[in-house]
Amino acid sequence: MELLSGAEMVVRSLRDEGVKYIYGYPGGALLHIYDAIFRQDDVEHILVRHEQAAAHMADGYARATGKPGVVLVTSGPGATNTVTGIATAYMDSIPMVVISGQVVSNMVGSDAFQETDMVGVSRPIVKHSFMVKDPREIPEIIKKAFYLAQSGRPGPVVIDIPKDMTNPADKFEYSYPKKVKLRSYNPATRGHSGQIRKAVEMLLEAKRPVMYSGGGVILGGASRPLTELARALNLPVTNTLMGLGAYPGTDRQFVGMLGMHGSYTANLTMHHADVILAVGARFDDRVINGDDASKFCPNAKVIHIDIDPASISKTVKADIPIVGPVESVLTDMLAIYKEMGESPDADTQASWWKQIDEWRGDGDLFPYDKGDGSIIKPQAVIEALWEVTGGDAFITSDVGQHQMFAAQYYRFDKPNRWINSGGLGTMGFGFPAAMGVQQNFPDATVACVTGEGSIQMNIQELSTCLQYDMPVKIVNLNNGALGMVRQWQDMQYNSRYSHSYMESLPDFVKLAEAYGHVGIRITDPKELKSKMAEAFAMKDRLVFLDIAVDTSEHVYPMQIRGGAMRDMWLSKTERT
Amino acid sequence: MRHIISVLLENEPGALSRVVGLFSQRNYNIETLTVAPTEDPTLSRLTLTTVGQDEVIEQITKNLNKLIEVVKLVNLSEGAHIERELMLIKVKATGAQRAEVKRTTDIFRGQIVDVSASVYTVQLTGTSDKLNSFIEAVGPTSVLEVVRTGVSGIARGEKVLSI
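Residue numbers (UniProt numbering), protein chains in the order written: chain L, 1 to 576; chain Y, 1 to 163.
Keep in mind the hints are simulated off the structure, nothing from the lab. What you are looking at is a predicted structure, and each value in this text was computed from that prediction instead of being measured. Take the hints with a grain of salt, since some may be wrong.
[To be verified] Here are the computed distance ranges between Cβ atoms for each label pair:
| # | chain 1 | residue 1 | chain 2 | residue 2 | range |
| --- | --- | --- | --- | --- | --- |
| 1 | Y | P140 | L | Q114 | 49 to 59 Å |
| 2 | Y | I163 | L | Y497 | 51 to 61 Å |
| 3 | L | S571 | Y | E31 | 31 to 41 Å |
| 4 | L | G120 | Y | L161 | 38 to 48 Å |
| 5 | L | V108 | Y | M1 | 55 to 65 Å |
| 6 | Y | A36 | L | Y497 | 57 to 67 Å |
| 7 | Y | G150 | L | G425 | 31 to 41 Å |
[Stated by the list, open to error] Here are the simulated lysine-lysine pairs, DSSO-like style, with alpha carbons at most 27 Å apart:
| # | chain 1 | residue 1 | chain 2 | residue 2 |
| --- | --- | --- | --- | --- |
| 8 | L | K198 | Y | K90 |
| 9 | L | K20 | L | K181 |
| 10 | Y | K62 | Y | K90 |
| 11 | L | K181 | Y | K72 |
| 12 | L | K207 | L | K354 |
| 13 | L | K143 | Y | K62 |
| 14 | L | K143 | Y | K72 |
| 15 | L | K510 | L | K526 |
Positions of the beta carbon are idealized from the N, C-alpha and C atoms, including for glycine.
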C-alpha cells in the first residue's frame with residue numbers, strides 16, 4: 001500500500017472522490033496541503049481574491065452541476081471569511097465541502113495566531129462538521145463529508161484540519177474507502193406507497209388543484225417527473241424563487257413565481273386552491289406572506305413531499321405528508337396514477353382553468369408600465385437579456401430588486417439555470433457564483449444580473465476572472481440606489497432614504513478595463529438590445545455592462561404583510 | 001406540556017454541543033439535561049425535558065433526528081415510562097427541626113448521607129414532583145443548598161431504546 005502524508009492524503013482523497021476543482025486561498029495552516037497541490041495535476045486549484053468568493057464559487061458550481069463544491073481556506077480569518085458563503089449554502093441546501101486549516105493540535109484552545117474555533121463558529125450553519133484528530137482518519141472523514149453533503153437534504157460540511165495532521169514527514173498507508181456507512185444517518189430512499197396513493201386520489205378529486213414546487217425539485221433532479229405529472233393531471237404550476245426552471249417557464253400551465261413578488265395569477269391560484277401539491281418547497285415566510293399561516297390558502301388541503309421530515313408541517317400543516325426523495329416519489333405517483341387509469345373530471349378542470357385564464361388576462365404574468373422611452377426600465381433589461389441569450393443562459397443574481405426582476409422576466413425553461421441566494425439573501429453572491437458556473441461550462445453563456453450595491457461586495461474577483469479566463473457577463477442594473485431598501489422606504493417610511501443612496505460610485509467601465517476586461521455603459525433605451533447583443537457576442541471576454549436604469553421603479557406585485565396570498569400591491573396606486 | 005425526550009447519541013466530542021446548540025438556535029427550551037455513556041462506550045444516553053405545544057415538540061424531535069450524531073430517540077412522555085431524578089439537599093437541622101427533618105426524610109424514603117452539628121445532607125430519588133414536594137415539606141427557609149441531576153427516564157415493559 002502507498003504511503004502518503006496527511007497533506008497528500010487530503011489532495012489524493014479529493015481526486016479519488018472525483019473532484020476536479022477546488023476554490024481556495026492559502027495561508028500558514030494550509031501550507032503543507034498547498035505544497036501537495038503543487039506536486040500533482042489531478043485537482044486544479046482556483047485562487048480567489050477573498051475567501052467568501054471561494055465559497056460562493058463552489059456554491060455556484062454545485063447549483064449548476066448538482067455535485068458538491070469544494071473550498072480550501074486557512075485557519076482564523078480565512079475560515080471566518082467563508083461563514084457567509086457556508087450560511088448561504090446551508091439555507092438553500094447546497095452540497096459543499098469546506099476544508100479549513102487549523103493551528104497545530106497542541107496549540108488548539110490557546111488563542112494561537114490565526115486560531116478560530118471553526119467547528120464551533122460554523123456549527124449552526126453546517127449539516128455536519130469534523131475535526132481531524134489523527135492523519136489516518138483523513139480519507140474516511142473526506143468520504144463521509146462528501147456522502148453527507150450530497151445525500152438526503154444536501155448541505156455544507158466543514159472539515160477542520162490542524163496543521164500537524166498534514167506534516168509531510170509523517171507518512172501513513174493510504175486507501176480511499178469505496179463506501180461509508182453511518183449508523184445514525186439513514187435518509188429516506190422511497191416515499192410511503194400508501195401515502196402516495198392517497199395523494200393521487202386527492203388530486204383526482206380536487207376541483208381547484210395547484211402544484212407548488214421549490215428548490216428541492218432542482219436539487220433532487222426531479223424536473224422531468226414533475227413536468228410529466230403536472231401535464232398528466234393538467235395542473236397549474238407555480239415555482240418558488242428557488243424552484244424556477246423546474247417546470248418550463250414558457251409553458252401555458254406555468255402561472256409564474258409565487259409569494260411576496262409572485263405573479264397575481266400564481267398568488268390567486270394558490271389562494272383559491274382546494275388542493276396544494278407542495279413538492280420540495282418549505283412554505284417559507286416570503287411564500288406564505290408572513291409568519292402567520294392562518295390566512296394562508298384557507299380552503300386548501302396540503303400534500304407535502306419533502307426529503308426532510310422537519311420541513312413538513314413546520315409552518316403549514318400537511319394533510320398528506322410524504323417523506324422521500326422528490327424524484328422517486330413523483331415517479332411513484334405517476335406510476336400509481338397510470339395504474340389507477342382514472343382521469344380528473346374534464347368539466348371541473350375546464351372551469352378552474354377558465355378562472356385562472358381570467359386572472360392571467362392577456363397572458364402577461366408580470367405587466368409593468370413601459371414608460372415614455374426616455375429611460376431604461378430594469379424589467380426591459382431582463383426581457384432584452386432573455387431575447388439576446390435565447391432564454392438559454394445560466395443566470396446568477398445578487399439580492400434586491402434586480403434579483404426579483406430577473407426571477408420574474410427571465411423565463412427559465414430548464415432546471416439548474418437560475419442561481420441565486422434565495423434563503424439567506426446574500427449580496428455579493430452572484431458574481432462569484434457565475435464564475436463557478438462559467439469555469440465548469442466554459443462554452444456556456446453565463447450572466448450575473450446584479451446592482452451597483454451588490455456587485456461591489458465581491459468586485460475584487462474581476463482579477464480572478466482574468467487569471468482563469470472566465471468570460472462572465474455582468475449585467476449591472478445601475479439605479480444609483482439600494483433599490484429594494486429604497487422601495488421599502490418609499491412604501492413604509494415616507495420616502496426617507498436613510499443610507500440607501502450610493503454616493504461616489506466608481507466608473508464601472510474604467511474599473512472593468514483596469515482589471516483587463518471590457519466595460520460598456522448603456523444609458524439610451526434605444527441602444528439597450530444592440531449593445532447587449534454586442535456584449536454577448538464577445539464569447540471569450542468578460543464584459544461589464546453598466547446599465548443606467550430608472551431609480552423610481554418598484555417591484556410589483558408586492559404582497560401586503562399580514563394579509564393572505566391574494567393581498568397585493570399591483571402598482572404604486574393599485575391593490576387587490 | 002412537559003415532555004421527556006431520551007436520545008442515544010454517538011459518544012464523540014462535540015456531539016453534546018450540537019444538541020444544546022440546536023435548542024438555542026431554534027429557540028426551544030431545555031428544562032433539564034442529563035447525559036452519560038451507556039454500557040456500550042461508543043454511545044451516550046441523553047435525557048432532556050422540555051415544555052412546548054405539540055407542534056413544537058414534533059419539530060424538536062425531527063430536528064434532533066437530523067443531527068448526524070443522534071442515533072435514535074424516543075419521546076418517553078408518549079407512553080408508559082419511569083422517570084427518576086436524584087437530589088442532594090442540605091437542610092438546617094437544629095433544635096426541634098432536627099427530628100422533624102429526619103421524619104420527613106423517612107416519609108419520602110430519602111437518606112441522610114451526611115451529618116454535622118447544624119446541617120443534614122439528604123439524598124432523595126424520585127420524580128421531579130416528589131423532589132419538589134420534599135422541598136416544600138421541609139420548608140424553603142430551612143433549605144441551604146440543592147443539587148439535582150435532572151431527569152433520567154426509561155420506558156416501561158419490553159420496549160428498549162437500543163441500536
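*asked:* Taking the earlier hints as the rules, which of them does this structure contradict?
replied: Of the numbered hints given earlier, those the structure breaks are 3, 4, 5, 8, 10, listed in rising order.
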